[in-house]
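Trainee: Please model the complete structure; the sequences and the hints are all you need to start from.
What follows is the residue order along each chain.
Protein chains: 6
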Amino acid sequence: MSGIVVRNFQRSALDRLSPLAGAGVATVHEAIGRVGLMASHLRPIYPGASIVGNALTVTVAPGDNTMLHVAVELCQEGDVVVVVPTSPCEDGYFGDLFGGALKGRGVRGVVLEGGCRDVRTLHEMGFPVWSKAIFAQGTVKETLGDINLPLVCAGQRVEPGDAIVADDDGVLVVPRARIDEALTAAAARIEKEERNRLRFAAGEIGLDVYGMREKLAAKGLTYYDDAAAYAKRSNG
Amino acid sequence: MSGIVVRNFQRSALDRLSPLAGAGVATVHEAIGRVGLMASHLRPIYPGASIVGNALTVTVAPGDNTMLHVAVELCQEGDVVVVVPTSPCEDGYFGDLFGGALKGRGVRGVVLEGGCRDVRTLHEMGFPVWSKAIFAQGTVKETLGDINLPLVCAGQRVEPGDAIVADDDGVLVVPRARIDEALTAAAARIEKEERNRLRFAAGEIGLDVYGMREKLAAKGLTYYDDAAAYAKRSNG
Amino acid sequence: MSGIVVRNFQRSALDRLSPLAGAGVATVHEAIGRVGLMASHLRPIYPGASIVGNALTVTVAPGDNTMLHVAVELCQEGDVVVVVPTSPCEDGYFGDLFGGALKGRGVRGVVLEGGCRDVRTLHEMGFPVWSKAIFAQGTVKETLGDINLPLVCAGQRVEPGDAIVADDDGVLVVPRARIDEALTAAAARIEKEERNRLRFAAGEIGLDVYGMREKLAAKGLTYYDDAAAYAKRSNG
Amino acid sequence: MSGIVVRNFQRSALDRLSPLAGAGVATVHEAIGRVGLMASHLRPIYPGASIVGNALTVTVAPGDNTMLHVAVELCQEGDVVVVVPTSPCEDGYFGDLFGGALKGRGVRGVVLEGGCRDVRTLHEMGFPVWSKAIFAQGTVKETLGDINLPLVCAGQRVEPGDAIVADDDGVLVVPRARIDEALTAAAARIEKEERNRLRFAAGEIGLDVYGMREKLAAKGLTYYDDAAAYAKRSNG
Amino acid sequence: MSGIVVRNFQRSALDRLSPLAGAGVATVHEAIGRVGLMASHLRPIYPGASIVGNALTVTVAPGDNTMLHVAVELCQEGDVVVVVPTSPCEDGYFGDLFGGALKGRGVRGVVLEGGCRDVRTLHEMGFPVWSKAIFAQGTVKETLGDINLPLVCAGQRVEPGDAIVADDDGVLVVPRARIDEALTAAAARIEKEERNRLRFAAGEIGLDVYGMREKLAAKGLTYYDDAAAYAKRSNG
Amino acid sequence: MSGIVVRNFQRSALDRLSPLAGAGVATVHEAIGRVGLMASHLRPIYPGASIVGNALTVTVAPGDNTMLHVAVELCQEGDVVVVVPTSPCEDGYFGDLFGGALKGRGVRGVVLEGGCRDVRTLHEMGFPVWSKAIFAQGTVKETLGDINLPLVCAGQRVEPGDAIVADDDGVLVVPRARIDEALTAAAARIEKEERNRLRFAAGEIGLDVYGMREKLAAKGLTYYDDAAAYAKRSNG
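Residue numbers (numbering that gives the first Met the number 0), protein chains in the order written: chain A, 0 to 235; chain Y, 0 to 235; chain U, 0 to 235; chain E, 0 to 235; chain C, 0 to 235; chain F, 0 to 235.
Read the hints as simulated data drawn from the structure, not as lab findings.
Treat the numbers as computed from the prediction; the structure is a model and nothing was measured.
Check each hint, because a few of them may be wrong.
Where chains are identical, the list cannot tell them apart; a pair therefore holds if satisfied intra-copy or between any two copies.
To be verified - Quick list of in silico lysine-lysine cross-link-like pairs, DSS-like style, CA-CA up to 25 Å:
id	residue 1	residue 2
1	K191	K140
2	K102	K131
3	K191	K102
4	K140	K214
5	K102	K140
6	K218	K140
Mentor: What follows is the structure, given as structure tokens:
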């Protein structure tokens with residue numbers, strides 16, 4: 000069933016995508032309706048990286064990095080390689096040799112539902128990876144997987160050419176068909192957040208900025224001056 | 000049942016509390032008899048922060064940050080906001096907008112049995128959070144919780160006005176009634192540790208500093224020069 | 000049954016071991032045939048440390064650090080202390096006082112299937128620990144364990160005098176009898192990796208460097224130009 | 000600090016409590032406002048048990064069952080013994096000898112934030128335990144804990160004399176002061192659930208029984224006949 | 000963004016699907032090329048159930064079962080309801096009232112990436128649920144989700160109308176377009192397994208049945224009569 | 000490095016071993032000094048099985064069951080097959096076909112640091128497995144492991160020919176050299192437990208049976224009649 004390699008997919012222009020990295024995972028996630036966020040067990044191997052790019056998808060057998068070798072040849076400037084074992088595995092699929100090869104081809108980073116090794120060297124060369132584990136365990140080259148078929152990574156469906164946004168807050172997938180919407184909505188959200196930020200900076204608080212007071216009162220929110228007042232009321 | 004907001008509680012003077020931050024979680028925890036340490040899954044979102052303050056307690060519904068908005072208004076200089084979902088949830092309850100609002104009010108930090116987002120910005124603004132996860136997942140504003148009622152956070156009971164000490168070693172709660180005792184005991188412990196440190200620096204070791212040798216011999220501790228000697232003895 | 004202390008064991012000369020730290024966990028692990036890697040839940044308490052040394056093994060009762068005190072006296076320059084509770088426990092067995100004592104004796108670091116505390120001070124003093132948790136929970140001094148008997152740490156058998164290599168990628172044990180083999184194999188691997196690195200830097204990829212193309216074709220790897228071509232083929 | 004044994008506490012009459020076992024954990028939990036439910040990692044060692052009783056609380060050191068021996072003497076007919084290690088530990092604190100002793104004294108069961116052993120024999124003798132793990136690991140008798148002080152078990156505060164309800168759905172604590180309220184509310188809830196059950200059995204559904212339709216429409220719930228209709232609408 | 004309800008989807012005839020339940024999860028999973036198996040944390044609330052049906056998909060907010068109420072009305076004979084929170088949550092979304100309602104409509108069972116309660120009653124009424132947790136925690140009715148849109152459950156993509164097969168081995172999704180292929184392949188596999196079973200029963204073993212001996216020898220498999228022979232060879 | 004198959008090892012006579020199964024995991028574990036107990040994540044796939052046998056050890060690559068096929072041929076009456084992946088993996092290495100083959104050869108059961116499938120059929124045929132997970136995920140036949148070399152399973156060292164005892168309490172390894180000691184000690188322990196059981200049945204309790212009262216008093220155990228007495232004392 001596996002052993003399928005689809006060479007090409009529709010990529011988005013990088014200058015079109017780049018505002019999504021500027022906006023960041025949390026903001027874009029909000030902007031597109033709170034969908035597409037990968038599970039929190041994917042963590043960056045070092046803090047501070049922030050990327051966006053076109054998803055190139057790879058499935059690998061547990062403990063087998065064959066398909067990563069196949070993938071290298073297909074990578075292009077601005078890709079983010081999304082790697083998922085066909086069953087749970089935290090072996091060290093990815094290390095500095097791969098990092099150098101992908102960086103040389105302009106790949107932005109790797110999202111890996113598995114283990115990463117050589118993390119210090121990868122940090123030094125500035126090639127970011129979001130992975131499930133840091134684990135040096137080696138892999139073999141025996142079993143085929145697929146490249147550029149849709150897959151599920153950390154709870155989210157990814158199709159080749161979807162936009163991947165990743166930073167210290169985690170990893171987000173934006174379906175290719177929704178990228179324009181994401182750009183517009185993220186820009187609007189940033190503008191709105193900036194407005195709110197000014198109001199907050201001026202001392203206003205969310206209860207007023209978001210008009211929550213009446214709604215909360217209607218739901219039964221009840222204030223007591225102190226514990227004594229509450230005790231009196233609840234016993235009274 | 001929920002929807003209770005107790006506005007005020009007894010706060011301790013900040014200059015009184017501050018030696019507890021200086022002593023640190025591990026030392027104060029020892030000093031007060033090894034109670035009050037929250038579970039190790041609460042981790043700081045960046046290393047190096049060290050705080051103490053008065054606990055302001057907030058319960059939130061899973062996936063719902065309504066009560067955090069209510070809490071902002073009640074916060075005062077020197078508070079530490081302790082946030083606990085009413086059932087396990089790692090959604091991103093807290094981000095940079097809240098961070099800015101709380102920092103502006105002098106809040107020392109947040110302890111959150113849930114998820115935190117915007118961690119890079121929070122690091123840049125120097126507002127520390129100890130959380131169960133880093134997760135950008137958004138929350139809604141539909142369901143009430145309580146403010147300033149006692150709660151359980153990461154295995155420890157917290158009452159409003161308890162002292163919260165947090166640093167790279169974790170999070171500790173010191174009941175308000177025991178703060179003076181904690182201060183005295185922590186000072187004594189630091190003095191004792193300093194004396195021990197000098198003895199250790201002079202080359203003494205715990206077996207002598209703590210007078211353990213006789214007790215260990217009585218328990219049956221047996222030394223062998225090497226594996227051969229042990230093998231001979233255990234077979235002999 | 001416990002309470003056994005074996006004072007001495009065969010140590011390897013430190014200048015003989017040091018190339019293993021230079022090679023690093025991932026490389027030595029590959030070089031010796033992918034054995035001996037401890038589980039990924041052991042993490043360094045701060046990034047950047049890289050050590051090698053002779054294993055001194057300690058078992059401790061859950062919540063009891065008695066045997067660590069016994070171990071201090073036996074430590075020598077270049078040792079790595081491997082500490083394992085006799086049942087799962089994440090209490091804070093190790094802190095800055097122990098760190099100072101061990102550092103003063105030339106110990107290279109600690110591998111601890113338990114909890115570590117005072118992590119900031121340990122970082123400042125440059126004494127590395129790889130542990131299962133960061134947890135300030137105190138321990139008692141009541142129950143005996145063993146020193147310098149073989150044990151299992153994070154899934155790997157360790158005998159006193161085995162070489163321990165540890166860095167940001169994790170912790171590796173090299174049996175004493177295989178140290179020469181490890182040195183030779185690691186050197187060879189580094190040389191080979193360097194050759195490969197040059198080829199990769201020159202633009203070659205693993206499919207060619209490792210001669211994978213024919214083997215993959217034989218396994219049935221099939222390329223399609225794009226999703227449309229794949230869809231056509233798979234339906235055709 | 001520890002070593003406190005409080006012999007007596009206020010117990011509720013057993014025939015007063017027994018309707019809570021009949022109602023079951025899920026129903027009583029709803030009835031008292033969804034508080035007091037212990038974390039889901041506490042599981043019964045065999046299915047089918049259903050108990051209620053007065054909480055007798057015990058803290059134990061990690062890997063040390065001293066205080067369980069102390070507790071046996073204090074147990075009375077209808078007690079439920081709640082056992083919590085002072086730091087996380089899954090050792091086998093409880094086995095068939097304890098089970099026999101407690102059963103002989105009329106204890107209803109044990110809630111144990113640790114490990115249980117001899118589970119087959121306990122099943123055969125019909126003595127139920129809700130525990131975090133099944134683990135035969137032995138414990139020592141060296142370190143004191145406390146009996147009948149308040150504690151936190153699996154995320155919930157328990158005071159001696161609180162009612163503990165436990166069945167296949169988990170473990171619930173009902174504060175002693177709220178037992179009457181719980182009885183009344185549980186009875187009312189059962190009556191209401193029975194009424195609803197009849198309506199459901201007659202083919203009605205929750206949307207109508209709970210009057211949800213208008214509220215959902217107001218929130219924007221939108222029906223489409225099929226995927227084609229939805230696709231048309233969302234693109235239209 | 001949410002609040003979409005698609006009423007209808009293409010269902011497969013139940014007598015067509017039923018052989019998949021007979022074949023079981025493990026066999027069908029093999030037959031369709033080892034895809035579609037949900038993660039192992041989904042476990043049946045009682046052993047022995049074995050179902051197949053048409054997936055009706057529901058997303059719910061964390062701690063909110065609104066959409067389950069909406070779903071009841073849409074269920075038909077032979078459906079399997081697949082329920083996924085929009086972020087990780089183990090609250091008790093599903094209990095006996097829902098179980099009765101769904102059973103009355105001919106629903107085969109529920110697959111729930113959350114918590115289940117009333118498990119004893121559900122067992123007694125013979126309504127099976129595969130869930131992530133058993134947890135009585137109640138939910139609210141405030142926030143919308145979606146019905147019959149594609150979703151990801153326990154790592155697998157599910158579309159409305161896909162076939163769900165579930166038994167003691169776990170939960171499998173078979174895309175609707177592949178059901179015929181699954182039926183044919185499962186039948187072939189059963190036949191082949193039966194043939195193999197006869198050969199195994201006659202004393203043959205996999206090395207011969209699957210023709211592995213030569214391949215293994217080529218890979219370097221080496222037999223030694225005993226440990227002494229191996230030691231001699233590896234040192235020789 | 001792998002691909003080693005050691006055909007034979009020293010087995011213990013089955014009638015010599017069988018009292019260890021009668022004594023059970025918890026008792027034998029106590030009898031031999033509380034060593035050798037595997038981690039609690041190994042659970043039986045069905046309750047009630049109780050076995051003892053000679054360990055035949057197998058390492059497998061992640062997601063690869065090649066070596067299980069090799070092992071079948073080497074199994075003899077009374078063996079217990081211990082299977083460990085070379086890195087963490089929960090794939091379904093073992094199912095009913097293997098179960099039938101091993102049962103036919105008199106194998107007592109399987110201990111598997113991985114996943115098991117066909118659990119219902121295995122239950123029906125009465126072939127017990129203790130595994131880390133129940134997971135139907137298929138495996139490949141590409142990569143070699145070793146047979147009958149020492150390995151680590153669930154935290155414990157196992158050598159071929161060690162005795163494996165397994166029941167509802169978990170899995171225990173008894174080194175071959177200690178089997179006689181284990182038999183004697185287990186018999187003594189059972190006798191002692193029986194004596195104690197009679198005393199407990201007669202109403203005595205552990206405090207007296209084990210002579211703990213004086214020791215506890217010396218450690219500072221302090222009794223208070225009730226909470227009021229304790230409050231008075233601790234404040235007085």
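Trainee: Hints first: check each against the structure and report whether it holds.
Mentor: Each hint, compared with the structure:
1. K191 <-> K140: Between. Shortest inter-copy distance 18 Å satisfies the 25 Å Cα cut-off; intra-copy 50 Å does not.
2. K102 <-> K131: within (21 Å within a copy, 33 Å between copies)
3. K191 <-> K102: Cα proximity of K191 and K102: across copies only (21 Å, versus 36 Å in one copy).
4. K140 <-> K214: between (60 Å within a copy, 10 Å between copies)
5. K102 <-> K140: within (22 Å within a copy, 34 Å between copies)
6. K218 <-> K140: between (60 Å within a copy, 11 Å between copies)
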